[in-house]
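Letter by letter, the chains look like this.
Number of protein chains: 2
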Amino acid sequence: MSARLAIEPLTPEAFAPFGEVIHAEAARKVFPINQGSTTRFHALAKVELDGGAAAISIARAQPQALPLAIRMLERHPLGSQAFVPLAGTRWLVVVATSPQDTPRVFLADRGQGVQYRRGCWHHPLIALDAGGDFLIVDRVGAGENCEEAVLVGEWRVEG
Amino acid sequence: MSARLAIEPLTPEAFAPFGEVIHAEAARKVFPINQGSTTRFHALAKVELDGGAAAISIARAQPQALPLAIRMLERHPLGSQAFVPLAGTRWLVVVATSPQDTPRVFLADRGQGVQYRRGCWHHPLIALDAGGDFLIVDRVGAGENCEEAVLVGEWRVEG
Chain X
248 MSARLAIEPL TPEAFAPFGE VIHAEAARKV FPINQGSTTR FHALAKVELD GGAAAISIAR
308 AQPQALPLAI RMLERHPLGS QAFVPLAGTR WLVVVATSPQ DTPRVFLADR GQGVQYRRGC
368 WHHPLIALDA GGDFLIVDRV GAGENCEEAV LVGEWRVEG
Chain V
248 MSARLAIEPL TPEAFAPFGE VIHAEAARKV FPINQGSTTR FHALAKVELD GGAAAISIAR
308 AQPQALPLAI RMLERHPLGS QAFVPLAGTR WLVVVATSPQ DTPRVFLADR GQGVQYRRGC
368 WHHPLIALDA GGDFLIVDRV GAGENCEEAV LVGEWRVEG
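Going down the list, the sequences are from chains X and V.
Counting from 1, position 48 in the first sequence corresponds to residue 295 in our numbering; the numbering is continuous, with no gaps.
Counting from 1, position 17 in the second sequence corresponds to residue 264 in our numbering; the numbering is continuous, with no gaps.
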């Protein structure tokens, strides 16, 4: 048996319990730099770290086709994790308050990225369209920084 | 009087004295994640911090036209600073060992980003093409983290 999850628009307000939306429109502090030739949308997300260091990586994701079954979630207890598409690829952001709760599904489009707060339960990357590259900012260093949970129910995401 | 600077291709080897190239091709550690649906180009750059925290920001840059005069450089003594184009915009990476030395100019293309090492002298963002958005990863927090130096000579970058 599986239940269908609704796809919600990704807004900073709706996503606030889980982390930050990384997008110019989500900025609360905007100012000019470089004698006005550049606009800085400042500190959209602050990296959270418990020891270790922040690192910048790239994920090259194959596209996933809907409908899709959501059967597991993971979380990183020692640090935040950010994903930002490098060519505007749309993707699905699946998060939950706990593995026992109903997951929520947000559609990230127009180049939207997110940072999952430290410890936020989330699904591995689900790229849509033709897939593509995503910039990752997350923690490297000693310690066990990935927990996985198999979900009791099975959840469906449909187009 | 001004002297012309050559534009060099951006490679990890050539840029090593100044920082890291952020691009899949620059990866030294590549492995599959998410049951093989995604490839991770791991830890292309580690964020350097002297206190404070790393933050993720966006810079929206207007395009600069060549020829261009290079008259100043800046550096951040308390942390590294990374720029990655969010839509493949080409840009010029201008760095120097010191404000007294001849600057070097690298053409970042095919989506290449860089991280300037902590304390690396560099020019503010020079976006080419139609300009565009860049993801920034740098330090936020107390302390004076920007020094500027006016160059004695004037340097020209031509197309």
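It cannot be assumed that every hint is accurate.
As the list claims (entries may be wrong) - Chain V regions said to be covered by chain X (calculated; three or more residues, Cβ under 8 Å):
id, segment
1, 290-299
2, 304-313
3, 342-353
Read the hints as simulated data drawn from the structure, not as lab findings.
Glycine residues also receive a C-beta, built at the ideal position from the N, C-alpha and C atoms.
Cross-check of the supplied hints:
1. 290-299: Holds: 6 residues of the segment 290-299 of chain V have a Cβ under 8 Å from chain X.
2. 304-313: holds (count 7)
3. 342-353: violated (count 0)
In summary, the one numbered hint that this structure violates is 3.
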